[in-house]
Amino acid sequence: MRTRRGARVVLLDQDDRILMIRHRDDGAIVVPGSPVRELFWVPPGGGLKEDEDFVQAARRELLEETGLAEVEWGPCLWTLDADVRWRGEPVHMHERYFLARARGAQTITRAYLEPGEQQAIIDHRWWSVAELVAARTTETLRPVGLPELLAELLAAGGRPSGGPRALSVQHGATE
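Just so you know, we're using the numbering used here here: the sequence shown kicks off at 21 and counts up by one.
Worth flagging that the hints you see were computed from the coordinates, not collected in a lab. Some hints could be false.
[As the list claims (entries may be wrong)] Cβ-Cβ distance ranges computed for the label pairs, FRET-style:
# : residue 1 : residue 2 : range
1 : THR158    : GLU90     : 17 to 25 angstroms
2 : GLU134    : SER181    : 32 to 40 angstroms
3 : GLU151    : GLY87     : 34 to 42 angstroms
4 : GLU168    : PRO95     : 17 to 25 angstroms
5 : GLN34     : GLU109    : 35 to 43 angstroms
6 : ALA186    : ARG105    : 30 to 38 angstroms
7 : SER181    : ARG25     : 21 to 29 angstroms
8 : GLY183    : GLU134    : 27 to 35 angstroms
9 : THR158    : MET21     : 30 to 38 angstroms
Backbone N, C-alpha and C define an ideal beta-carbon position, used for all residues, glycine too.
Throw the hints in and build the complete structure from the sequences for me.
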């Protein structure tokens with residue numbers, strides 16, 4: 021089974037809101053036991069290119085999906101490992117989530133999206149923890165348990181202790 025490596029960015033603004041990207045589910049990734057609605061929200065990010073490491077991919081993906089390059093980078097917060105089906109093929113997905121802080125008010129742009137992303141990426145939005153909690157019954161938010169994960173991060177002053185936390189694709193299964 022091949023491994024697909026990915027990097028995502030937990031981008032926070034000056035009000036401790038997280039930037040989420042709304043995607044249209046194209047059916048490319050299927051996580052057994054974890055159905056997704058047609059539209060879902062995830063932090064900016066995507067797969068590594070052949071010559072990239074995780075940090076380089078996080079920086080590139082943030083620029084592509086938001087137009088933002090001037091952010092303050094923090095540590096890797098979370099990792100996610102899951103066996104999924106990628107366009108019908110079994111694939112092991114390994115993602116790393118990196119903390120970043122936006123510097124002041126910056127404008128999000130779609131100008132750097134790749135052609136395939138133009139159709140898949142629908143919108144972006146800054147979410148507070150309270151808004152994430154309220155939306156969990158009507159919206160699909162990833163990673164699973166995001167409101168709690170973000171609340172824990174903010175309670176720690178945005179400075180998590182220890183190494184990255186392992187996440188799960190199943191609800192209630194974060195470690």
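For each hint, the structure was consulted:
The beta-carbon spacing between THR158 and GLU90, approximately 33 angstroms, falls outside the hinted interval of 17 to 25 angstroms. Between GLU134 and SER181 the C-beta distance comes to about 37 angstroms, which sits within the given range of 32 to 40 angstroms. Between GLU151 and GLY87 the CB atoms are about 23 angstroms apart, so this pair departs from the stated range of 34 to 42 angstroms. Roughly 19 angstroms separates the CB atoms of GLU168 and PRO95, a value that falls within the hinted 17 to 25 angstroms.
The beta-carbon spacing between GLN34 and GLU109, approximately 42 angstroms, falls within the hinted interval of 35 to 43 angstroms. For ALA186 and ARG105, the Cβ-Cβ distance of about 21 angstroms falls outside the hinted range of 30 to 38 angstroms, so the restraint is violated. At about 25 angstroms, the beta-carbon gap between SER181 and ARG25 stays in the expected band of 21 to 29 angstroms. Distance hint check for GLY183 and GLU134: the Cβ-Cβ separation is about 32 angstroms, which falls inside the suggested range of 27 to 35 angstroms.
As the Cβ distance of THR158 to MET21 is approximately 34 angstroms, the hint placing it in 30 to 38 angstroms holds.
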